[in-house]
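Q: Residue numbers (the numbering used here), protein chains in the order written: chain G, 1 to 404; chain S, 1 to 404; chain X, 1 to 404.
Incorrect hints may appear among the rest.
One copy or two, either will do: identical chains are not told apart, so a pair holds if it fits within one copy or between any two.
Unchecked claim - Straight-line Cα separation of at most 20 Å, EDC-like style, residue types lysine to aspartate or glutamate; simulated pairs: (1) K264 <-> D208; (2) K264 <-> D118; (3) K18 <-> D367; (4) K264 <-> D92; (5) K393 <-> D367; (6) K67 <-> E153; (7) K67 <-> E48; (8) K26 <-> E145.
If you are wondering where the hints come from, they were derived from the structure by calculation, not from laboratory data.
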Amino acid sequence: MSVANSMDVGSAVSKVSKRQYEPYLKASWGLLNHWYPALFSSELGENEVKGVTICGVPLILRRVHGKVHVLRDQCVHRGVRMSIRPMCLTDDTITCWYHGYTYNMETGRLETIIAAPDDEIVGTTGIQVFPVEEVNNLIYVFVGEPGYEPIPELRLDLPPKLENPVHPVAHPLDTDTMILGVRRTANANWRLGVENGFDPGHQMLHRDAAIVLARDTALPLGINPTDPRAITAYEDEDGPKGMMNEWNSGFYDLVMANERLNIKAAGNNPTVGLRTSMYLPGVLMVENWPAYGLAQYEWFVPIDDKTHEYWSVIAAKASTEEERKRFQYDFDYLWRDQALIAFNADDVFAREAMENFYEEGGPGWDDEQLCGMDAIIVAWRKLVSRHAREIQKPQRNPSPKLAE
Amino acid sequence: MSVANSMDVGSAVSKVSKRQYEPYLKASWGLLNHWYPALFSSELGENEVKGVTICGVPLILRRVHGKVHVLRDQCVHRGVRMSIRPMCLTDDTITCWYHGYTYNMETGRLETIIAAPDDEIVGTTGIQVFPVEEVNNLIYVFVGEPGYEPIPELRLDLPPKLENPVHPVAHPLDTDTMILGVRRTANANWRLGVENGFDPGHQMLHRDAAIVLARDTALPLGINPTDPRAITAYEDEDGPKGMMNEWNSGFYDLVMANERLNIKAAGNNPTVGLRTSMYLPGVLMVENWPAYGLAQYEWFVPIDDKTHEYWSVIAAKASTEEERKRFQYDFDYLWRDQALIAFNADDVFAREAMENFYEEGGPGWDDEQLCGMDAIIVAWRKLVSRHAREIQKPQRNPSPKLAE
Amino acid sequence: MSVANSMDVGSAVSKVSKRQYEPYLKASWGLLNHWYPALFSSELGENEVKGVTICGVPLILRRVHGKVHVLRDQCVHRGVRMSIRPMCLTDDTITCWYHGYTYNMETGRLETIIAAPDDEIVGTTGIQVFPVEEVNNLIYVFVGEPGYEPIPELRLDLPPKLENPVHPVAHPLDTDTMILGVRRTANANWRLGVENGFDPGHQMLHRDAAIVLARDTALPLGINPTDPRAITAYEDEDGPKGMMNEWNSGFYDLVMANERLNIKAAGNNPTVGLRTSMYLPGVLMVENWPAYGLAQYEWFVPIDDKTHEYWSVIAAKASTEEERKRFQYDFDYLWRDQALIAFNADDVFAREAMENFYEEGGPGWDDEQLCGMDAIIVAWRKLVSRHAREIQKPQRNPSPKLAE
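So here's chain G without its partners, still in its complex pose:
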């Protein structure tokens, strides 16, 4: 782990500094050659077929004998999406509904054409197959260039297992982890999603959230880094690439009042969730939020350059059936609506409000006037620019629609 030295912000984001994150500025369609969640496991039953779009790439998912297969969701013949009218005649193939171009699910190879079984094109072409991993209710897909090798391990695109002796939380890959969550489409570029999620200065946006008021939490008005050491960067070769803010590290000033405006943080109970971190390709981890022992993870999965699929999930340690039932109960009656839906709706509102300023051709990336607390965001931009495996090229717009 290294320490970021990226406290330059505001007018202090000099041209020199901006050049250090130029790749990020070009990444409106997302980062290629990374793992992204595509569906909750519970959304894809046995033999079910669904289509999603990630980084502008149309994907078709099918589960057979429990195993999920993912292929490019575009027939090579006339370019239609196959998932809009699923047709699967054998366990090992996917067939296009239009003329019957039929692809092997393991290799993507064109196996036959219903309307022309002996056509000489059979066997000579095919569609891309994508690596899949399914762990703890999430189906992850490696959205990569054709032929990209070797496929990085999934763990490299997830938060690391952080040490936390006092309040340990569940990691997405642990065997005793249980994950429940929601996803929704936000009308904003994925980078605005990430920057909003990891932003130490937007707490006041949530001050009226029912879950904050109900628990009488003294949510700070803002959090300001006071030392370069405030930001811990993760750049080990064999680990996830990311950054952490530890609000209680002593390198942050928790703003509890603003004298000029005569306001102070309401609430009497200390806030929780004071260690947040973000990893490529855009995975947020908030430890001990919404409660001690839990962790909230979020993904901001690019659909196209104007929309992203916003995933917010809560992970719990749950080894026994009783623990699983209890977490499911808490999720159904409390966390789902109060934390994930309502609290985070403020964040979606903020991202969508920024979109017009930052969208392709907009003045935002040049005209924004950042301040000290945005050092974290600038550091993130540079980190992505250093470690993104590839910047996705502009795709067609709008992307094929995401299946509901």
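Chain G is already provided as a structure; the job is to place chains S and X on it using the hints.
A: Using the frame of chain G, we list chains S and X on its own:
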């Protein structure tokens, strides 16, 4: 009649071949100087006024003493469509609702201005008048360049009278023909409509249509040309320009099963409609469909580069009042909903699914991977490139809206 | 006052003439450095906050202790509109809801940041503040370039006080004036609004309006200038810049019949409102309309290059409480619905019908074929080209949405 030698497809659609249909690739706004249906006769009552758009050209239609007149639906003054608020003060003029620019319906000449009868511009300008023919419930308009001469006969833009000794069918221009049908707007380029309509490999798309199941028809899974003689081209100087597929000619392989996928054509009764043909500017004829003795005709009339008006009609021989009543009855209770609406809804679905791939700027025309059965489509593209009287230039987008 | 010599129209709008109004042709986003109405006073209560967009510029309005303040409605930090989630913590500041960037309402200066009170950016930046005047129920904003000086008096962007010994009407700035009205968004460029409002040839558009029929008014079919003196231009250095048509001046031919079409103006009562005038930046005055003693004023306020806020108000002389009550009663039960809503709906219809022809990139400005009565419109285009303080540059499209 000649025989097409256009069996090159798939990767076999070489660059040389593609150059042979470059005009077709530029024809996103349709073919100019051709006849198109504009309205059903029953849609335009005496003294009624309606507006339609064909190849991006706004047209205003008015019927006076039974005769239909068509003019450019755009006042020269401030450019408004006149049909959105029809104003006709005499039998021989159309007046713009805004300032009263009044045009002679025969000549298009500016005859007077209500608000300025003596203005010196009167008589010096006007709008284009379009040739009209009305036959058997269809109002055809010649959408041509100003001054194009001579106006080709309507019959040259319709299927020829095909000989069919066993099951003769009605021709659109015959005096004992009765035509009933529907039209709807499809969100796809007109060429995708034509190619879908004439495509010998898309039968499986219709396998679940109620009319197929109800009649227990053994619809083939696909139809493959096995010999260049499979495609008959019509290129006589004094006739319509088009192409015919005769499925039972011996030059086609009717695919009734696919062993790899273990499926076969369901149904026990032989299919009908085994002779289909397509003519410029995009008129499909399916003989003996939906039943022996009937013929289905379809037009794919460009509205703009993204939408076409899809016409599907059934023609019957009906000389007597009783025959006419019977056909009307069959149409109302069977053919309209089961054949034209439901069966062809699958085709509209397919065209709209292709649009994103083939739309202006899309990769479809370059990236499509055709196979043997698409030889027919490639031959069609070349035929259009050879015989289109003119390619319509890009017009403004979106086109003025089609009157309902 | 001078007399316009601008009777060149139709094909007579030569290239030389068109060059005389080139600035007008570039003014699709409106005229900068002018006063525009932003809200009715009654729409902005004490401590209320609203956002509007004028010439593509987002504006936030707030009333404190009765006084209205207007600032640029875009936080310098991340570019969001502040008015979509108003946050005002003190009487002299406006705070952005996202991170608490807080601006002084008098100076626009960044006073503090809630989340970072001591940030070094505080005091070094800010947002533009706009001059405001509030008179007789209208809140006017001077939409100017930053630093434009001196601010012109409001009266210079309103009609002058016209002498009218017989039927004097109320001026927007008079102390005994009462103004009531409506505003709506029209989907057309603001110039089409102005040209429609001031057009002497569009009377026939209104011939079926209930208020015309109910009063049996002999609305002329058109009005034609017969002499250059028909148009009076106002170009005094110290006055509003505008133009007047006095229909009864003897320099106009009121068209009451058209023999070719065998129609004549219906109604038996003389029309009212026979003196209309238009001033920069687009303010229409119709004296003695909708009745003697009243005046209708209209503004066509650019929102972006495709939409304008259409203001139509009626001004009455009302010194006493009884006169005010009576005018309010007439407005509520007669003028609002019959004159402003219904009668002027025809005008909105016409403007929106022109938009496709004249929109950015459309052929309208080149292809329109004007006639004699359009001399007034051509004169207006030249007047604007001579006197517009500045042409607004193209802004981002679509403009931030206007608050309802």
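Q: All hints, please: hold or fail.
A: So, going through the hints one by one against the coordinates:
For the homomeric pair K264 and D208, the shortest alpha-carbon distance inside one copy (13 Å) is at most 20 Å, but the shortest distance between copies (63 Å) is not. With identical chains, the CA atoms of K264 and D118 are at most 20 Å apart between copies only, with a shortest distance of 15 Å across copies and 76 Å within one. In the homo-oligomer, the alpha carbons of K18 and D367 lie at most 20 Å apart inside one protomer (12 Å), although the nearest pairing across protomers, at 38 Å, exceeds that limit. With identical chains, the CA atoms of K264 and D92 are at most 20 Å apart between copies only, with a shortest distance of 19 Å across copies and 62 Å within one.
Taking CA atoms no more than 20 Å apart as the test, K393 paired with D367 passes between copies only; the shortest distance there is 18 Å, against 24 Å inside one copy. In the homo-oligomer, the alpha carbons of K67 and E153 lie at most 20 Å apart inside one protomer (18 Å), although the nearest pairing across protomers, at 62 Å, exceeds that limit. For the homomeric pair K67 and E48, the shortest alpha-carbon distance inside one copy (11 Å) is at most 20 Å, but the shortest distance between copies (58 Å) is not. Taking the closest pair of Cα atoms, K26 and E145 come within 20 Å of each other only inside a single copy of the chain (17 Å); across copies the shortest separation is 32 Å, beyond that limit.
Hint compliance for this structure: no hint is broken.
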